[in-house]
Each structure stands twice: as C-alpha cells, then as structure tokens.
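Novice: Residues per chain are reported as follows:
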Amino acid sequence: MASVPGRNKRLESLVSIVLLVMLLIVGLGVVMRQSDVDMTRFGIGLDVSGPPAEPEEPASPAVLDLDSFAPDGFKTVSAARTYGPENLYEKINGKAPLYTDSGFVSLSTQRFVSTADENLWIELFIYDMAALRNAFSVYSLQKRLDSQALSALQYAYSTSSGVYLVCGGYYVELIGSAESPGLLGAMKPIVDRLKMTLPDEEAGRIAELEFFPPENRVAGSEKLYLANAFGFEGLENTFVCRYETGGQEVTAFLGKGADPQASLAVAKGYCDFLIENDATPAEAAGETIRAASGRVFDFYGTTEIVFAVGPFFGGIHEAEDKRTAEQLAETLIIRLTEAAKESK
Amino acid sequence: MTEQTGNRLERRELLLRSVKAGVSIAAAGLVSAALYDSDGPGSGLDAESLVTFKDWAVTPEPGRTMSIVRGPDRRATVTKAIDLLGGIRRFVKQGQTVAIKPNVAFASPAMLGATANPELVAEVVKLCRDAGAKRVIVTDNPINEAASCFMLTGIRGAAELAGAKVVLPRQSHFRSTSLEGGRLIRSWPVYFEPFARADALIGIAPVKHHQRSGASMTMKNWYGLLGGPRNVFHQDINTIIAELSMMVKPSLVILDGTEVMMTNGPTGGSRADLRRADTMIASCDMVAADSFGCTLLGLKPADLPYLAAAARAGVGTTDYQSLKPASAVLS
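Chains H and Y are the protein sequences, given in the same order. The first sequence: position 341 = 341 (the working numbering), numbered continuously. Positions in the second sequence are counted from 1; adding 1000 to them yields the working numbering.
For the record, the hints were derived by calculation from the structure and aren't laboratory data. Beta carbons are placed, not taken as given, at the ideal position from N, Cα and C, and that holds for glycine. Hints should not be assumed to be uniformly reliable.
What the hints assert, rightly or not - Mimicking DSSO-like on lysine-lysine, the simulated pairs with C-alpha atoms at most 30 angstroms apart in a straight line are:
(1) 91(H) <-> 1165(Y)
(2) 1249(Y) <-> 1093(Y)
(3) 1249(Y) <-> 91(H)
(4) 1324(Y) <-> 1126(Y)
(5) 1249(Y) <-> 1126(Y)
(6) 1300(Y) <-> 143(H)
(7) 1300(Y) <-> 322(H)
(8) 9(H) <-> 1020(Y)
(9) 195(H) <-> 143(H)
(10) 143(H) <-> 322(H)
Claimed, not checked - Label pairs and their computed distance ranges (CB to CB):
(11) 1319(Y) <-> 343(H): 48 to 58 angstroms
(12) 78(H) <-> 1160(Y): 18 to 28 angstroms
(13) 300(H) <-> 1327(Y): 28 to 38 angstroms
(14) 1276(Y) <-> 73(H): 28 to 38 angstroms
(15) 11(H) <-> 1016(Y): 18 to 28 angstroms
(16) 1172(Y) <-> 116(H): 37 to 47 angstroms
Whenever a hint applies, use it, and build me the whole structure from the sequences.
Specialist: Have a look at this one:
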C-alpha cells in the first residue's frame, strides 16, 4: 500500500499500541471487578443461597457501651448489635427506607431483661441520624397520637409500652415487652443516662418550629418532611403543624429556602403541582396573603394556600374552612415577616 | 496526478479500516452476548435443580371461599371462621402433615402486633391436631434471627404447647426456584424443605400497615419464604408480593384483624400503633382476604397495586363481596 503524504507511521503505531494497552488494562479491570462484585453496596448480602446472614457489625461512628445502660434489676443476655445502611433492613425490614432516606448512619440495639421475670424486657434502639433535623424528622413522622410528652427532653414522649425521644442527632426508642408501669419506670434512668451520654446538638431546638403561631396549635403535632411533603417532591425540609379551631382542623406548613428567590420558586412549584392535580384558583384572599405572593386554591372541597415571605415559604394544607385557613395563613405570614426582618 | 492517487489510496484505506472496525464491533458483540447472564446474580443453580411448591389449594365450594367473623377472642373467632368454610377437616385430613406459616418476622413481643398472635397460632395447631393431623409444623424464615423471633413473640412456646413442631430455617432448607412467567422470582433461593412433605399449608398473618407496600397481610406473609438477599425486592415490592401469591397456593389463609397496626408498620413499636377491629378472616382466596383486610386499615383494594396484579394473574379476586363471604358475630 502506498504511503499517504504527511503520515508518520511510526507515531501512529506507537499511539495505537498505547491505546491497545490502555484498552487491555480497562478490560482487565472490568473483569477483575465483575469477578468480585460487592453486592452489599446495593443493600444486598453476599449469601444468596440460604437464610439471611447474621448482621455483620459495621463500625459505628459513636461507639456506645450499650450494656452500661442496663437499669437496676435488668441484665443483658446477648451482645449489643449495630446495623448500618446496608443491613438495617435485617432489623426493621420495610421500615428501613424511612431512616435511610433521612440521613441514617447506624442503629445500635441492646435488650435488657428483668432479672425477676424474663418475660419483662426493654429493647433500646439508638439511631444515629447524623443531625438533629434528621432525627426529629423520623421522630415526628412516627409520633403516636396517644402519647404523653416527657419533660426530660425537648422532643420526647411515652406511650403505655415505650419511650421515644430525640437527643441531638440521635433518635431513640425504648420498647417494652409489656404494658407495665414497672418497665416504664425502668426506662427513666436509661433516658437520663442517654441525656448525659449523647451530644445534644443546639440544645435540641429547631428554629422553624418557633415560627408556628402558638394559638390553637395541637401540642406535639409538628412534623418535618425532609422531602416529598404532601406528595410534591419540590417541598423539601418542610415543617407541618396541626391546628384545631372552632371545631375545624387546619394544617399549616413552612420551610426555609436558601434565599427569597429559592422560596418563591418552591411556592410557585407547589402551586403548579396543585393546578396539575386539578386544584382551581379561588377568590383572591386578603391583602396580607396577596402581599406575600400568596395564592388560594380550592382542592376537592378543601382550601390550599401557598405563599412566600423573604427566605420562607409556607401555607395551609387541606383546610375544611376557607376563612379559618386564611386567618391562620395571615398570622403565619406576619410571624414569618418578622422572622425574615430579624434574620437580615 | 499525485492528488488523485492520494485520494484513491485514502478511500481504499477508509474502506479497509471500516471493515476492520465492523469486524471488531461484531466480535465484541458476540463475546458480550455469549457472556451475558440474563438471570443476574442468582443462586447459580442450573434449571434442572429448580424446585416448585406444591399446589395445596382445596377444591372450591360455592359460598365457602371466605368468612368474616367479628369478635374479640381470637380462639373463638378463628374456630368459627374455619367452621363457616366447612370446618378444618375440609383442609386437613387424618394422618396428614400440616405446615403452618405464621408471620414471625420480628423479635418483638406479641402485644405489638408486628407478628402473628401466638394464641391464634396455637388454636390453629390445635384444630389441625383435633382433625387428626399426624404432624403439624410451624415455621418461618424471619427478618431477625429466627430463634429469637420464635421465642420473643411467644409463638414457639404456644405452638409447641399445642402440639406442633417448630422448625427453624437452616441452610439446607433452601432450594432454588423460578416462577413461570415471573419477572423477579427467577433462580431464587426459597425456604422449601419444611414444606416439601406437607399435605396442607396454612398461612397466618396480622393486618399491618407497611411503610413500603402500604399493607402487609396474607400475601406479603409469603415474603418469609424468600431466602438470600431478599431486601433487593423491596425496590419492586408490588411485583414481588404478586409473584409470591402466584408461587404459593395454600390450603387456607387466616388474616387476623383483631388488632390492626394502623401506623408505623411493619415493625410498629407501640401499643398506640394498634386499633381494635375485632375481625378474623379465613379464606381460600388470599387476594379476597387481603382486599377485605385493607379496608380495616382505611384503604381500598385499588390503593394496593399488588392486589390488582395478583387478580390479573388469576390468583383470586379483589371483589371479595362477589364471593358472598360467610359471616358471624361473636360476643
């Protein structure tokens, strides 16, 4: 074959050899990786032939001596267990995504059995959620209505069989084997110990919750949706709180964007979402709501209000009575306006 | 002239290189096709070693497919519910081996309602023994460590006291199966051996809220038969539940709605998650049982896509009322 003018065959050969060697290295790399697939990265254990394997112990960032939490008259009967995101399902199965979607780091568990009656026991679950807000989110989304607030911590309650609390970036459950005052009593020193042991980030306070008007607020009804509030994926880090007024139930919500433009975009996105789902714009509400770029919708017989104030977005969700919804929205807007001024 | 020669040579070389590239691509494609494993990371067993569960379904009898009994006492309601279907002897014959698969997923106390109730399991064992069953085994492949689950739920003690043998899963109990027409259950290990010699299969499950699937009832109960890294199926929970209902054809399912876990399922964690509904369902049609059961959670059958999928596959009907369920109220 005749040579083409300007070609440097030696250089071309060298480049070709280099490319072939690189391809060979890539190919070998692929073969090596595929022959040693780490399915645990996808939440899948390695053992595919039998029952689920005993959980391996991932390193916990906060190594706690759970055995030392045993109250008087109780003992441990097995070693404490720690679970990571890859094997959390082995402990709580279908509830795992609630945690893993909320910043979950690890779960440490231990069971304390009564020395007097082996049928009486307490299981301690300490979820390391990495941040106070994450811990509050999983706490609030599981909060039992039939519960009693505990004064020991900002976010804590008990039911007839357990204690549930947030301590800094940790969500903690103490679950009893029976509805027993004795078991609940035995949980108290564990709570006290947890309070001393776990770092209580920001003294357990979440600023946004202070912005909800206190009048007619249903105590303990606050929730935090880290994502997908009301089914809209654009509503992230959204706090929700219920109100009861004049026999009507109203739900208020708020969140804080990076800046006023971001909050306005969230509010607009939620309005668009409502319209896409057949919400119809309702008669313009009062001046306060209009001044906050507020919009009112009729949504299958309920009222939705959406607004933005400075860095905050907020609104009213599925209110049965439009006037009640507007009144609460106006109060919320006034409080958020003041908060926005103070934050400048 | 030189330019023309150069052009002719470039065209020839272009064609040659194109042919070479085409051959290389075709060769790479052939090698990839030869190495492609369409089954993915399964058990590695060949098709000849795959097993299939028996068909334990009983002969249909009009008006005796499903029963609903209201009352607070599980022992009484389950006995009545089975009576309304023709009695336990319709499902269990003298000298038979019966496998009972309760939901024993978690190592949690019975009062939390995350697992089958031990009294209910014991009563079904007793009914089977009274019907002349030679052997009754109670077994499950729990999420948590099996021995702890059976002990802490109280199911081991209650079942053994009633005359059952509790079987805990072992490695040798698992075999590989593929569901005909299934998309997910393909060469997948299942908890098989304890059921292999059973003449009848009874599933027992509580009505529970489930974070992922909406509800966990009799169909979801078969999730316990899956071995291996079954968590992967949570990504397509509706399909796997529907496929499980296609894979397992039980003699009878019992759905316990005496106390219903309304929130925080499937583990719960507080008595406050439960609501009394005082309802027991016995059914030869698990789709119908779950379609009724979801109403105890305030849901409609249409809210649970796996019910429609199972109905489309011919497992049962979501229109449970069309079965004219037999009913009774016990005080």
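Novice: None of the hints should be skipped; say for each whether it holds.
Specialist: A quick look at each hint next to the structure:
Pair hint residue 91(H) plus residue 1165(Y) holds up; C-alpha atoms about 26 angstroms apart against a cutoff of 30 angstroms. Under the criterion of a C-alpha separation no larger than 30 angstroms, the hint pairing residue 1249(Y) with residue 1093(Y) is consistent with the structure, at around 18 angstroms. Using a Cα cut-off of 30 angstroms, the hinted pair residue 1249(Y) and residue 91(H) holds, with the two alpha carbons roughly 28 angstroms apart. Of the supplied pair hints, the one linking residue 1324(Y) and residue 1126(Y) holds, its CA atoms being roughly 28 angstroms apart against a limit of 30 angstroms.
Of the supplied pair hints, the one linking residue 1249(Y) and residue 1126(Y) holds, its CA atoms being roughly 22 angstroms apart against a limit of 30 angstroms. For the suggested pair residue 1300(Y) and residue 143(H), the alpha carbons sit about 24 angstroms apart, so the restraint of at most 30 angstroms is met. The straight-line distance between the Cα atoms of residue 1300(Y) and residue 322(H) is roughly 29 angstroms, inside the 30 angstroms bound, and the hint therefore holds. In summary, the hint linking residue 9(H) to residue 1020(Y) is supported, as the alpha carbons are separated by about 18 angstroms, within the 30 angstroms threshold.
Among the hinted pairs, residue 195(H) with residue 143(H) is consistent with the structure: their alpha-carbon atoms are about 20 angstroms apart, no more than 30 angstroms. For the given pair, residue 143(H) sits about 28 angstroms from residue 322(H) by alpha-carbon distance, which is consistent with the 30 angstroms threshold. The hinted window of 48 to 58 angstroms between residue 1319(Y) and residue 343(H) holds, with their beta carbons roughly 57 angstroms apart. Remark: the range hint 18 to 28 angstroms for residue 78(H) to residue 1160(Y) is upheld by a beta-carbon distance near 22 angstroms.
Distance hint check for residue 300(H) and residue 1327(Y): the Cβ-Cβ separation is about 34 angstroms, which falls inside the suggested range of 28 to 38 angstroms. Remark: the range hint 28 to 38 angstroms for residue 1276(Y) to residue 73(H) is upheld by a beta-carbon distance near 32 angstroms. For residue 11(H) and residue 1016(Y), the hinted distance range of 18 to 28 angstroms is satisfied, since their beta carbons lie about 20 angstroms from each other. Checked against the given bound of 37 to 47 angstroms, the beta carbons of residue 1172(Y) and residue 116(H), roughly 40 angstroms apart, stay inside it.
Checked against the numbered hints given earlier, this structure breaks none of them.
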